[in-house]
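Peer 1: Given the structure of chain A, go ahead and fit chain B onto it with the hints provided.
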Amino acid sequence: MTRKQTRTAIILASLAVLGVAAGLILYAIRDTIVFFYTPSEVSEKAVQPGTRLRLGGLVEQGSFVQGDNAVYTFAVTDTIKNLKVSYKGQLPDLFREGQGVVAEGVLQGDGTFVADTVLAKHDENYMPKDVAEKLKEKGVWQEGQKATP
Amino acid sequence: MITEIGHFALVLALAVAAYQTIVPQWGAWRNDGTLMSSASVAAVLQLLLLSVSFAALTHAYVTSDFSVLNVAENSHSDKPMLYKISGVWGNHEGSMLLWVFILALFGAAVAVFGRNLPETTKARILSVQGSVGLAFLVFVTAVSNPFLRLLPPPVEGNGLNPILQDPALAFHPPFLYAGYVGLSIAFSFAVAALIEGRVDAAWARWVRPWTLLSWALLTIGIGMGAWWAYYELGWGGFWFWDPVENASFMPWLVATALLHSAIVVEKRGALKIWTILLSILAFSLSLMGTFLVRSGILTSVHAFAVDPERGVFILAILAIFVGGSLTLFALRAPSLKAGGLFATVSREGGLVLNNLLLSAACAAVFIGTLYPLALETLTGDKISVGAPYFNLTFGPIFIPLMLLVPLGPMLTWKRADVMPALRRLWWAAALALAFTLLVLALTLRGPWLAPLGIAVGFWLMFGSAADIMHRAGFFHQPLAIAWARFKGLPRSAFGTALAHGGLGLIVIGVIILSVWKEEHILTAKPGAEIPVAGYTVVFKGVEPLVGPNYDGSLGRFDIMRDGALVKQVVSEKRQFRPRGMPTTEVGLLQDVLGDVYVVLGDPAADGAFVVRASFNPMASFIWIGAFIMFLGGVLSLTDRRLRIGVPKRASLPAAAAQPAE
Chain A
1 MTRKQTRTAI ILASLAVLGV AAGLILYAIR DTIVFFYTPS EVSEKAVQPG TRLRLGGLVE
61 QGSFVQGDNA VYTFAVTDTI KNLKVSYKGQ LPDLFREGQG VVAEGVLQGD GTFVADTVLA
121 KHDENYMPKD VAEKLKEKGV WQEGQKATP
Chain B
1001 MITEIGHFAL VLALAVAAYQ TIVPQWGAWR NDGTLMSSAS VAAVLQLLLL SVSFAALTHA
1061 YVTSDFSVLN VAENSHSDKP MLYKISGVWG NHEGSMLLWV FILALFGAAV AVFGRNLPET
1121 TKARILSVQG SVGLAFLVFV TAVSNPFLRL LPPPVEGNGL NPILQDPALA FHPPFLYAGY
1181 VGLSIAFSFA VAALIEGRVD AAWARWVRPW TLLSWALLTI GIGMGAWWAY YELGWGGFWF
1241 WDPVENASFM PWLVATALLH SAIVVEKRGA LKIWTILLSI LAFSLSLMGT FLVRSGILTS
1301 VHAFAVDPER GVFILAILAI FVGGSLTLFA LRAPSLKAGG LFATVSREGG LVLNNLLLSA
1361 ACAAVFIGTL YPLALETLTG DKISVGAPYF NLTFGPIFIP LMLLVPLGPM LTWKRADVMP
1421 ALRRLWWAAA LALAFTLLVL ALTLRGPWLA PLGIAVGFWL MFGSAADIMH RAGFFHQPLA
1481 IAWARFKGLP RSAFGTALAH GGLGLIVIGV IILSVWKEEH ILTAKPGAEI PVAGYTVVFK
1541 GVEPLVGPNY DGSLGRFDIM RDGALVKQVV SEKRQFRPRG MPTTEVGLLQ DVLGDVYVVL
1601 GDPAADGAFV VRASFNPMAS FIWIGAFIMF LGGVLSLTDR RLRIGVPKRA SLPAAAAQPA
1661 E
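Protein sequences, first through last, are from chains A and B.
Its first residue numbered 1, the first sequence is counted upward by one per residue in this note's numbering.
Its first residue numbered 1001, the second sequence is counted upward by one per residue in this note's numbering.
Since the hints were made in silico from the structure, they are not lab data.
Using N, Cα and C, we set each Cβ at its ideal position, and we do this for glycine too.
Keep in mind that a hint or two might mislead.
[Stated by the list, open to error] Computed, partial: chain B to chain A, Cβ under 8 Å:
| id | residue |
| --- | --- |
| 1 | T1344 |
| 2 | L1353 |
| 3 | A1360 |
| 4 | A1364 |
| 5 | D1381 |
| 6 | V1385 |
| 7 | G1386 |
| 8 | T1393 |
The following block holds chain A by itself, in its conformation from the complex:
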């Protein structure tokens, strides 16, 4: 086999692999990404029920209810709107009322949100960066303000 043929074979193989990879990536990016919204944006953008999304905000004071069999309900607020979330599982150590939280799950037809993952960050003053930025946009967050009430 000549050098030229080998090179052609390598180039063709590279193109094939890269093409398949690019196809997979494009397909996956369209189908698997999850958007991050605050409760206000969920209503502004009229997000369809059944959509998978990440909901970010603060756990509203006084909204936390512990149900049977480790089912929890709480409201996530961006201080303008709120959204009721239910979650079965173990909450992160740092989950507290008034703290920043990110819940991933599916918006239901009745306007509530069923989360399968709840994240609270591992720092006592943590406010999820996304939440802090969104709240800054809404003008309810000042620099240096602590997330703890």
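Peer 2: Same frame as chain A, now just chain B:
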């Protein structure tokens, strides 16, 4: 006083790095032997100075000297000694000091062990290495100085982030950093080769051990991180496709590709340009990892502080080194002489395919990691790219690669036939199939895709064994001869087999754990019995807990099997005193077949507690597999042929070529 000495040594190291960058390079142009040989002295001196600096910071941590800002912010006098020491790198400034210290360590190692390198090449390598050190020393002294004083000193420090107070995590950063930074050597070799315009077998022979070392350290570093995430974060997961994890995984993928393509350069003189490019990319991804993790652009356990100035600084370093080396590559690569003809089906061809698939897998991870950042910058939309994306892209690219792994070593150089190679593997395939059928039979009505994945794992393991058997000549030679040949096989052959087999073990562990994990989350009162996968977890009760630097509550559980006690475990909820931050300690029964994983949750109504009990089948396979891969790398490294500083150069007398051992 000691702190000031450390600070002073740091600034001196900066000056030495500047010397090491400029003078040897100039000496190499002018062909001045004295200037060139001063590179080694500078490299060793830089290591000494940074050792003093690092020791001084460690001293401040060990003695809890809170007049040092960095110690006051990140340490606490109640902390156990291990975490006082690991606290040195458990923060931004200290970890960057560790970074430059390891960089200097590698530079000095090249200076000491690279005695047989041609004079000009060595001077250029050390000069490039010095320039990386220079850039990061400027960064450390200018915006990330760990020696700044705090007046008046506080009585007590802030403490180390409690979830970092863990034995596995104490050593996870040094290993990972050593792996990251070790790739700087391959980078320096590549840039030096581009400046010289010459890449030959000897070059590849020198680069390989350094790449192998970095690869092994990255492997064990990532493995430790995964293990830590598994038992410390309390979710029972080990890999989250978190951007920071990906930042360490991408250099690993490219280092793996580099490891394989350098073989082709050494044995056959082909793929030179590609190998140089991989060397540059591997270190560029390490730098990008440092940027992602240390700039605060990502929110993560790993991001210590959000400081835009530092982020911009690291981004500038990244731009200079990646841009500069790629420009040099574009200018000089075409002049490199290609060599080594080979047919498409050959060992070389197999390694090309290996590199293609690894690069494609790395590209998929790269896009998944950076796409959210890019999209947010461009449109302001915030998205998250999680496991589903990576399963859909990384998986289909990596599976063919793993299927081809056992075939590669069976192919001959230059031109090969697939059929004889497959014939040597028939029993490995038969065994893998048999085990898979067994798994299928045991898990009837279960998911059918999982046994296929497990088959890939078995194929990797038996394929590696088949490689060793074939090389020794079992089945073809009389047993005595085969045994003698087996004992005489080079260590690198066993290293390869261990690394490939370890990968198989990880595949099996990951698939079984993710498919057959059994989890129960419930509220339980003391005395309750929770059945989990043949075990019974008995909740004994909760008592208050007082630790050296934390308080909290402790849940006692008995893990029973067939009415007999297997192990008493405790799961703790700790409130760390200085920060008031809670963490969870998992109660864990580790067994080869699977772990019983018990977590005490929050108190519920009337004396009950939320308890999560799960059975994680074959979880230990993942850590054992990673450790075996690491062992494979180390074993290859001790191969006589590859040992650092033993190049075969006929022009040198043998006595001079032997390093002092």
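Peer 1: Does each hint hold? Answer for all of them.
Peer 2: Structure-based check of all given hints:
no.	hint	verdict
1	T1344	holds (4 Å)
2	L1353	holds (7 Å)
3	A1360	holds (4 Å)
4	A1364	holds (6 Å)
5	D1381	holds (7 Å)
6	V1385	holds (5 Å)
7	G1386	holds (7 Å)
8	T1393	holds (5 Å)
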